[in-house]
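Chain P is already provided as a structure; the job is to place chain H on it using the hints.
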Amino acid sequence: MNSWPLPLAGATRRGDARLLPQGALSGPMPWVIAIMIALTVVAAGSGLALRNAARAASADLEGGVTIQIVSAAPAERNRQADAALAALKGMPGLASADRVAQARLEDLMEPWLGTRPGDDVEALPIPALIDLRLDGTATPERLAALRARIKPVAPAARVDAQSAWLTPVFRAIGALQWLAGGLIALLALATVAAVLLASRNALGSHRATIEIVHMLGGTDRQIARVFQRGMAVDAAVGGLAGFLFGTAAMLALGRAFAPLGSGLASGAMLGWIDWLALGIIPLAGIALAVVTARLTVLAALREML
Amino acid sequence: MTTTDAEIVQFDNVGLRYGAEREVLTDVSFTLYPGCFYFLTGASGAGKTSLLKLLYLAQRPSRGLIRMFGTDAITLPRERLPGFRRRIGVVFQDFRLVPHLSAFDNVALPLRVAGVSEREIIRPVTEMLDWVGLGDRQHARPATLSGGEQQRVAIARAVIARPDILVADEPTGNVDPDMALKLMRLFESLNRLGTTVVVATHDLHLLGKVDGSLLMRLDKGRLADPTGALRYPPRRESGGIGFADARGPGAPRLGEMDSDGLA
Chain P
18 MNSWPLPLAG
28 ATRRGDARLL
38 PQGALSGPMP
48 WVIAIMIALT
58 VVAAGSGLAL
68 RNAARAASAD
78 LEGGVTIQIV
88 SAAPAERNRQ
98 ADAALAALKG
108 MPGLASADRV
118 AQARLEDLME
128 PWLGTRPGDD
138 VEALPIPALI
148 DLRLDGTATP
158 ERLAALRARI
168 KPVAPAARVD
178 AQSAWLTPVF
188 RAIGALQWLA
198 GGLIALLALA
208 TVAAVLLASR
218 NALGSHRATI
228 EIVHMLGGTD
238 RQIARVFQRG
248 MAVDAAVGGL
258 AGFLFGTAAM
268 LALGRAFAPL
278 GSGLASGAML
288 GWIDWLALGI
298 IPLAGIALAV
308 VTARLTVLAA
318 LREML
Chain H
755 MTTTDAEIVQ
765 FDNVGLRYGA
775 EREVLTDVSF
785 TLYPGCFYFL
795 TGASGAGKTS
805 LLKLLYLAQR
815 PSRGLIRMFG
825 TDAITLPRER
835 LPGFRRRIGV
845 VFQDFRLVPH
855 LSAFDNVALP
865 LRVAGVSERE
875 IIRPVTEMLD
885 WVGLGDRQHA
895 RPATLSGGEQ
905 QRVAIARAVI
915 ARPDILVADE
925 PTGNVDPDMA
935 LKLMRLFESL
945 NRLGTTVVVA
955 THDLHLLGKV
965 DGSLLMRLDK
975 GRLADPTGAL
985 RYPPRRESGG
995 IGFADARGPG
1005 APRLGEMDSD
1015 GLA
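Protein chains in written order, with the numbering used here: chain P, 18 to 322; chain H, 755 to 1017.
Only chain H is shown next, with the shape it has when bound in the complex:
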């Protein structure tokens, strides 16, 4: 299995089990392309977080093949993982902010890890915090921030380094609808700059609010995509749509799908 420049992530018959338990992901195959916007849905326990863990390289699969950025991610030497991880922004479901760091330092963390000088950190981090509405809370520690504020810090941290892939696990779960929409706009603007975005969410209202976004739905650990576009290899017989065409004029948009397509 090889990935081309047009494929940023490729899963082929991937299975994942924790210990001796049954598989939480079974025969998952899909391809993510640069600059595309994906929603990942599914009931609780469907395997969304496990799939995201594989995507942000926090977990190795029990079986199957995964290629990322043209490289076999299964056999990737451990010392090369940091370089790959720096290309992936992650919004964790539980935020995972560093408790002893201020909001500013939490957002600056990916830049510091990447070796950006302190002088070059101040402006982008300040701008990012302003953008998520936390410009006046940049010195606050996570413990003093509300759930929504913590979530916005987590999002700012995930996108500050302009990753090639942004993986967000329920990124709008703790914010009001206005802020949720604003955050989606942030993801969209990042997406327009070429970042592939994968958002796992329960919020079906969000799905139609990002033009050109595509859906991945997990059901009991299996990927069930209503468009047929996400399968690897692309299922062209489904409306003749391969994923390379998915963002073209003929591709189905989430907004055009009926509710059956989401459920």
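Just chain P, with the same shape it has in the complex:
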């Protein structure tokens, strides 16, 4: 050997990959991340669907007002209903006012009262209903104004905002949304804990090699880069698998709910922005895993000389 070969130039990061065994973090890690991502997708998707359902229902009902004319005498009921409709005509902020037809009312009552031939539905004191649509939200002030306007001509009228009927449902949906958010936070914490344990375990397994690399002048960042690269690969594989599984679960849930046909269920469809948000979950999971692995490894390396 005549000349000593050695240009120490041309820094590259490719060589870092060979500092530690490939797949240093593998084992169950991709599976753990896949499960976490799948559960997060389902939780987030459910939360978004509930939000959409609540929004759709709220949009439908926010300007809706129902006037019931509660009177046992059919003739008086009809008179007050007609008088109320007349009084409402031309009222500012009123988009529409329609009396619900008697046939429609009977249809609505049919599941409870039956329709055997000869039944005299007219004999039942079914209230007359007027369906109002306001421009904007049916606030308590606007309801009070409505009551004041029709009271003189229809004293048997009861005025209610339609959204008030669903208030308990909205509250329940809100609680479920918080639950979904809490689940997502817990899953993120569990992912961080799993990555932390995996990183520490990998550090322990490769401690001898890490010490050698240190003695040869390897920096903490070089070593951390190897670990975070391994974690990124594991998280990418797990994240993709988890996303696909979670998406399949959401589609299956959607199909299961679709036949219900109720207004609330049909409003729970996920839009493209929602799917885009769900698509960010595996990416966020990868970033979370990589950052956690890096910080864990750097903290552990700082304890070495």
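No lab work stands behind these hints: they were computed from the structure. Quantities reported herein were computed from a predicted structural model and do not represent experimental measurements. Careful: at least some of the hints might be erroneous.
Said to hold, decoys possible - Some chain H residues near chain P, calculated using beta-carbon distances under 10 angstroms:
#1 Leu811
#2 Gln813
#3 Leu835
#4 Pro836
#5 Arg839
#6 Leu851
#7 Pro864
#8 Arg866
#9 Gly869
#10 Ala915
To be verified - Pulled from the structure, derived: some chain H residues nowhere near chain P, Cβ distances all over 12 angstroms:
#11 Pro931
#12 Met933
#13 Asp957
#14 Leu961
#15 Ala978
By construction, the Cβ of each residue, glycine as well, lies at the ideal position given by its N, Cα and C atoms.
Chain H alone, transformed into the frame defined by chain P:
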């Protein structure tokens, strides 16, 4: 205490203890100069490996002062250690090869750590493996290599980056005499290029085989140098030899020392 360009390492009253045990090194003071070749001897348990650990910055001393490359190594910030370590080649007594890497990749490790491109790594690593007689085993993993082969890989790894200091702990312990001599020639050639070499060894036969080499002897954790040249500050009254002169015509060479000087 300051080091000059003529001093690469300076120990001043260095002591080292592990935990609450007694000191394994006591009042160790010496100066290493660029381009010099040192043998470190001593009985088992004398503290050779501990002294080498301080030299290759794997350990901080319990007391005393150490300067390396003109910088206080005791207070050296942790983030600056890698830069210093890249200037120090180490042959570990237990080789410490990376088990999952081939002989080639083990030797290439210091270059990769230093950021040398893959293209620039192939030729020097191949040449180095040829030089230590392992050109045909470059793809072998350490587990498939004999003890002597592993030792040669470890040596190739230590010298591949042409360090300023080479620290070798029993580097010829597992090789036959011919290979031991060949490895000494390798160290010598590195030394001629300006690298300071420190070889810890039990093999007294090696001591006289490197021209101009100097001796450091540890006895129960204390440095006992027969030449007087290694003390800090240099003990000039001993034959009038300061270390700066140690490689000059008047300096005592190991080959000229009698056995008392080694024992």
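Against the structure, the hints come out as follows:
1. Here the hint on Leu811 of chain H is kept, as its CB sits about 8 angstroms from the closest CB of chain P, short of 10 angstroms.
2. Because the closest C-beta pair between Gln813 of chain H and chain P is about 7 angstroms apart, less than 10 angstroms, the hint holds.
3. The restraint placing Leu835 of chain H at the interface with chain P holds, with a minimum CB-CB distance near 7 angstroms, inside the 10 angstroms limit.
4. The closest approach between the C-beta of Pro836 of chain H and any C-beta of chain P is roughly 5 angstroms, which is under the 10 angstroms cut-off, so the hint is satisfied.
5. Using the Cβ-Cβ criterion of 10 angstroms, the hint placing Arg839 of chain H at the interface with chain P is satisfied: the shortest such distance is roughly 4 angstroms.
6. For the restraint placing Leu851 of chain H at the interface with chain P, the shortest Cβ-Cβ distance is roughly 8 angstroms, inside the 10 angstroms limit, so the hint holds.
7. Hint on Pro864 of chain H holds. Least Cβ distance to chain P is approximately 5 angstroms, under the 10 angstroms limit.
8. With its C-beta approaching chain P no nearer than about 3 angstroms, Arg866 of chain H sits inside the 10 angstroms limit, and its interface hint holds.
9. At about 3 angstroms, the closest approach between the beta carbon of Gly869 of chain H and any beta carbon in chain P falls short of 10 angstroms, and the interface hint on this residue holds.
10. With its C-beta approaching chain P no nearer than about 6 angstroms, Ala915 of chain H sits inside the 10 angstroms limit, and its interface hint holds.
11. The beta carbon of Pro931 of chain H is kept farther than 12 angstroms from every beta carbon of chain P, the shortest such distance being approximately 21 angstroms.
12. At the 12 angstroms boundary, the C-beta of Met933 of chain H stays outside the reach of chain P, the nearest C-beta of that chain being 15 angstroms off.
13. Listed as outside the interface, Asp957 of chain H is consistent with that label: its C-beta sits roughly 23 angstroms from the nearest C-beta of chain P, beyond the 12 angstroms cut-off.
14. The non-interface label for Leu961 of chain H is consistent with chain P: the shortest C-beta to C-beta separation is roughly 24 angstroms, beyond 12 angstroms.
15. Look at Ala978 of chain H: its CB is around 28 angstroms from the nearest CB on chain P, clear of 12 angstroms, so calling it non-interface holds up.
In this structure, every one of the numbered hints holds.
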